[in-house]
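Novice: Chains as they are written, first to last, in our numbering: chain A, 1 to 114; chain B, 1 to 115.
Worth flagging that the hints you see were computed from the coordinates, not collected in a lab.
Note that the structure is predicted; figures quoted are calculated from it, not measured.
We put the beta carbon where it would ideally sit given N, CA and C, even for glycine.
Warning: the hint list may mix true and false statements.
[To be verified] Here are the simulated DMTMM-like cross-link-like pairs (lysine to aspartate or glutamate), alpha carbons at most 20 Å apart as the crow flies:
1. A:Lys42 to B:Asp18
2. B:Lys38 to A:Glu44
3. A:Lys42 to B:Asp22
4. B:Lys38 to A:Asp101
5. B:Lys3 to A:Glu59
6. A:Lys42 to B:Glu10
7. A:Lys83 to A:Asp101
[Claimed, not checked] Facing chain B, a subset of chain A residues (Cβ under 10 Å, in silico):
8. Pro8
9. Lys57
10. Ser58
11. Phe65
12. Ser87
13. Phe91
14. Gly106
15. Pro107
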Amino acid sequence: EPEVTQTPSHQVTQMGQEVILRCVPISNHLYFYWYRQILGQKVEFLVSFYNNEISEKSEIFDDQFSVERPDGSNFTLKIRSTKLEDSAMYFCASSDIAFTDTQYFGPGTRLTVL
Amino acid sequence: AQKVTQAQTEISVVEKEDVTLDCVYETRDTTYYLFWYKQPPSGELVFLIRRNSFDEQNEISGRYSWNFQKSTSSFNFTITASQVVDSAVYFCALSEGGGSYIPTFGRGTSLIVHP
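This is chain B alone, in the form it adopts within the complex (with noise of 0.2 Å):
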């Protein structure tokens, strides 16, 4: 069975500091798929990022980047410099590949930044 931790209930920093949000999983696939996902106060929710599990180089957006370990199955998210917009719910998700693609969301980690 699948399963992704996100240990970190909350989160508080102030604007400018740097933020590492973390994801364990576990799956017994060879194949699957990560995502992160941003839920920001108004509650919709917006794709970040997906990551296959033959592709573990890092990726980095803006401010945004990400660190995708197999050997600690964890696929943590990294804010550089954070807003007071980066304030939100930030949700790690997995699907796995061989067969049922129905993906398993951590319970999300909110940040806070403050001004």
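With the rest of the complex left out, here is chain A (with noise of 0.2 Å):
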């Protein structure tokens, strides 16, 4: 059954570093996306992407965030320069058909920031 991954599974970074999380989504589907969970918390929603741009992004994607396909197969959430409150489980998804269609999740990537 196919499946969204992401790599790395864990990632510690230094306040300030960029970072780069990546996401390989499921291969015929069109829509990506990027959530976040800081610990214990709720699902919170950061962007979304189709036909290589933006759709939408929330409040919390500011000028630090930036996302990327930059080949067939990946999908990038970029920080620029982490701070201590970015330090959370980033998951992206992927939908075959349109923005409410069923997302597919990948297993997430812990960001530590230090």
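Assemble the dimeric complex from its two separately framed chains, guided by the hints.
Specialist: Structure below.
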């Protein structure tokens, strides 16, 4: 069964450093998303991406964040200058037809900012 | 603005008991989508169900069932004959269909099923 994969599973970084979180969505899916979940809290939407551009973004997704689909398979989330409060689990998801279609989530990347 | 309330922070049951997880939502849109996700202790998010606002039929999938009631803005989730493997955090989410599809998640209900 096809699945969304994410690397690394855990990333530790120093405050102020740039990090890139990587995702490989399900191959025939067209819509891609990033979410985050601060430990023990609810899941929060960050951004959706379709046709090589951002479709929607939340207030959390400020200028420090960017997304890219550098090739036909990867979907990345970059945080330019990490802050302590960026520590969270970051989930990538993809869906087939539309934003409100079933979204399949990856296993997540735990980001720890020291 | 859309809002999802899962008033039950934690529920503890003994195996084989039935358990209902509540979800109450607020939205001004007539078209919207409701979701339930499971997050087991391993941390991944597992999709359980998607329901649009025009389909009020209840749904059953094995031991899982969902009761959608627009009159009370609720989309409750029942697990029949719970099992230890059902132990997880369950999130209800709402996505409006009138332009912005940004989903709002509830705070989740932690279900603990004891053997």
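Novice: Is the hinted pair Lys42 of chain A and Asp18 of chain B satisfied, with a Cα-Cα distance of at most 20 Å?
Specialist: Answer violated: Lys42 of chain A to Asp18 of chain B is near 25 Å, above 20 Å.
Novice: Within a Cα-Cα threshold of 20 Å, do Lys42 of chain A and Glu10 of chain B meet the stated pairing?
Specialist: With Cα atoms ~14 Å apart, Lys42 of chain A and Glu10 of chain B stay inside 20 Å; holds.
Novice: Is the Cα-Cα distance between Lys42 of chain A and Asp22 of chain B 20 Å or less?
Specialist: 16 Å, holds
Novice: Go through the hint on Phe91 of chain A and say holds or violated, using the shortest Cβ distance to chain B against 10 Å.
Specialist: Hint holds; Phe91 of chain A Cβ to chain B Cβ min 6 Å, cut 10 Å.
Novice: At a threshold of 10 Å, is the proposed contact between Gly106 of chain A and chain B supported by beta-carbon distances?
Specialist: It holds, given that the least Cβ distance between Gly106 of chain A and chain B is near 8 Å, below 10 Å.
Novice: Pro8 of chain A was flagged as interface toward chain B. Is the shortest Cβ-Cβ separation under 10 Å?
Specialist: Pro8 of chain A check fails; min Cβ-Cβ to chain B is 14 Å, beyond 10 Å.
Novice: Mind checking the alpha carbons of Lys3 of chain B and Glu59 of chain A for me, to see if they're no more than 20 Å apart?
Specialist: With Cα atoms ~16 Å apart, Lys3 of chain B and Glu59 of chain A stay inside 20 Å; holds.
Novice: Hint Pro107 of chain A vs chain B: min CB-CB distance below 10 Å?
Specialist: 5 Å, holds
Novice: Are Ser87 of chain A and chain B close enough, Cβ to Cβ, to be under 10 Å, as the hint says?
Specialist: 15 Å, violated
Novice: With 10 Å as the cut and Cβ atoms as the points, is Lys57 of chain A at the interface with chain B?
Specialist: At 8 Å from the nearest chain B Cβ, Lys57 of chain A passes the 10 Å test, so the hint holds.
Novice: With 10 Å as the cut and Cβ atoms as the points, is Phe65 of chain A at the interface with chain B?
Specialist: For Phe65 of chain A, the interface hint is violated, since the closest Cβ of chain B sits about 15 Å away, which is over 10 Å.
Novice: Between the alpha carbons of Lys38 of chain B and Glu44 of chain A, is the straight-line distance 20 Å or under?
Specialist: 15 Å, holds
Checked against the numbered hints listed earlier, the structure breaks hints 1, 7, 8, 11, 12; every other hint is satisfied.
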